[in-house]
Amino acid sequence: MAEAESSTGFNIHPMDQFQIKPLFGAGEIHWYTPTNVTLWMLIAVVVATVLLVLGTRGRAVIPSRSQSIAEMMYGFVYKMVEDVTGKEGLKYFPYIFTLFIFILLANFLGLIPGSFTTTSHIAVTAVLALGVFLGVTILGFVKNGTKFLGLFWVSSAPLALRPVLAVIEIISYFVRPVSHSIRLAGNVMAGHAVIKVFAGFAGALGVFSIFPIISITAVYGLEVLVAAIQAYVFTILTCVYLNDALHPSH
Amino acid sequence: MAETTHGADHAVESAPGMPQLDFSTFPNQIFWLLVTLVVLYFILNRVALPRIASVLADRQGAIQRDLDSAEQMKRQALEAEEAYNKALADARAQAQDIVGEAKAEIQKDLDKAIVKADAEIAAKAAESEKAIKEIRDSSAKSIQEVANATAADIVKAMMPGSGDAKTIKAAVAARLKG
Amino acid sequence: MEGNIAEMGQFIGAGLACIGMGGAGIGVGTVAGNFLSGALRNPAAAGAQTATLFIGIAFAEALGIFSFLVALLLMFAV
Numbered sequence: 001m002a003e004a005e006s007s008t009g010f011n012i013h014p015m016d017q018f019q020i021k022p023l024f025g026a027g028e029i030h031w032y033t034p035t036n037v038t039l040w041m042l043i044a045v046v047v048a049t050v051l052l053v054l055g056t057r058g059r060a061v062i063p064s065r066s067q068s069i070a071e072m073m074y075g076f077v078y079k080m081v082e083d084v085t086g087k088e089g090l091k092y093f094p095y096i097f098t099l100f101i102f103i104l105l106a107n108f109l110g111l112i113p114g115s116f117t118t119t120s121h122i123a124v125t126a127v128l129a130l131g132v133f134l135g136v137t138i139l140g141f142v143k144n145g146t147k148f149l150g151l152f153w154v155s156s157a158p159l160a161l162r163p164v165l166a167v168i169e170i171i172s173y174f175v176r177p178v179s180h181s182i183r184l185a186g187n188v189m190a191g192h193a194v195i196k197v198f199a200g201f202a203g204a205l206g207v208f209s210i211f212p213i214i215s216i217t218a219v220y221g222l223e224v225l226v227a228a229i230q231a232y233v234f235t236i237l238t239c240v241y242l243n244d245a246l247h248p249s250h
Numbered sequence: 251m252a253e254t255t256h257g258a259d260h261a262v263e264s265a266p267g268m269p270q271l272d273f274s275t276f277p278n279q280i281f282w283l284l285v286t287l288v289v290l291y292f293i294l295n296r297v298a299l300p301r302i303a304s305v306l307a308d309r310q311g312a313i314q315r316d317l318d319s320a321e322q323m324k325r326q327a328l329e330a331e332e333a334y335n336k337a338l339a340d341a342r343a344q345a346q347d348i349v350g351e352a353k354a355e356i357q358k359d360l361d362k363a364i365v366k367a368d369a370e371i372a373a374k375a376a377e378s379e380k381a382i383k384e385i386r387d388s389s390a391k392s393i394q395e396v397a398n399a400t401a402a403d404i405v406k407a408m409m410p411g412s413g414d415a416k417t418i419k420a421a422v423a424a425r426l427k428g
Numbered sequence: 429m430e431g432n433i434a435e436m437g438q439f440i441g442a443g444l445a446c447i448g449m450g451g452a453g454i455g456v457g458t459v460a461g462n463f464l465s466g467a468l469r470n471p472a473a474a475g476a477q478t479a480t481l482f483i484g485i486a487f488a489e490a491l492g493i494f495s496f497l498v499a500l501l502l503m504f505a506v
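Protein chains in written order, with this note's numbering: chain S, 1 to 250; chain V, 251 to 428; chain L, 429 to 506.
This is chain S alone, in the form it adopts within the complex:
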């Protein structure tokens, strides 16, 4: 067990913030135990409901502030799905929008000091990515039958190279959910850990802690950007994978 601790008295535990604790009392965590994961996911759902349902209840032609935020997000994701997958992909727009909203809100809520970031957990992002991966693969076979396998058979390459390329394509196809999930969790986890490490420095440096605090501010700004970008990247990669399933011509 290697704690990040040195003889100068630093006492930094950058990973403690990711701990999962039961909400009520202490004890073993069963699959149904309400934990801080439950709490922050619930908060994400509540915020999404407030923003997207209560915010648009006016149904105004000239939108209020919250309604225009909801409309902007709707338009953003809708255009993304339409641009990447074409008209056929719009059938899956509600699920993609759900993913986007959940990841975006989880990332932003995780940036509140003292909160818990559900998307920093590989289990969560792996379920999201595996859902996309399995859904897209099944959809590809249902829609295209065996033609879906043409995704791995690069017909534009010389014949001798095709088997080699097929192996590479298959490997890269199966790495997709891994990179898809770890990218999100890794980015969020890295940002939070860095902030925590700097915070540990700030606690130890006394009057010079102004420097780590400036750094924390800068990293925090970067994290806000990363939170949005990673939600965007996760969503657009979902669209790209969906496009592969709908149009497997390579």
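Since the hints were derived computationally from the structure, they do not count as laboratory data. Keep in mind that this is a model prediction, so the values were computed, not measured. Treat the hints with caution; some may be incorrect.
Stated by the list, open to error - Reference excerpt, derived from the structure (chain L facing chain V, CB under 10 Å, subset only):
hint: 1; residue: V498
hint: 2; residue: L500
hint: 3; residue: L501
hint: 4; residue: F504
hint: 5; residue: A505
hint: 6; residue: V506
Using N, Cα and C, we set each Cβ at its ideal position, and we do this for glycine too.
Place chains V and L on chain S using the hints.
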């Protein structure tokens, strides 16, 4: 080494290693994630997305309607402008006609008046000429009479008894003529 | 300095894994730089390719995140 024991102490109070790799919590996270996703999906798919879509469609419709009515109004404005221009041209042409007519009438009246005036002037001139001629004639006659009388008196005075009035008259007339 | 040789190995390994982040940095820089030079040549076409830019950055960055993950695993999980 002091830190190792300290670290070991700490390891007891904080969970070991990365919480992300603590597999005992995975079922819990996955369960709650699935619940969250299903709930969120239903809220969005049933309520939020249709509402936003209808609002956007309404707005698109309203914008289209406004654009259409603006187009129509523009057309109407153009028509009105055309009609106005036409009316203006008509009025101008009419005014031109009226001016021309009036001018012609005035010219006619003027011509008539001029002719009448000319005639009057001519008549007056002729009358005056006649009057002048009369005066001249009468004056010439009176001169002759005066000359006759004078000549008769002179002849009477110079050579009494010679010559009669007839001869004198003829001589005066010959002298006055020559 | 006395200590556990395995612990030393973990720290050294984690440090070495962090070199991989440099590769991700080079990759992201290449993607963004080439996008910028292309966008400056043909700014009209740049807007439509922003999605491609982010996909490219995401792929390049994923490998850096992998190395970060390896470092974390060495530090905390081994």
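Now the hints, each set against the structure:
{"no.": "1", "hint": "V498", "verdict": "violated, 12 Å"}
{"no.": "2", "hint": "L500", "verdict": "holds, 6 Å"}
{"no.": "3", "hint": "L501", "verdict": "holds, 7 Å"}
{"no.": "4", "hint": "F504", "verdict": "holds, 4 Å"}
{"no.": "5", "hint": "A505", "verdict": "holds, 5 Å"}
{"no.": "6", "hint": "V506", "verdict": "holds, 8 Å"}
In the structure shown, a violation is registered for the earlier hint numbered 1 alone.
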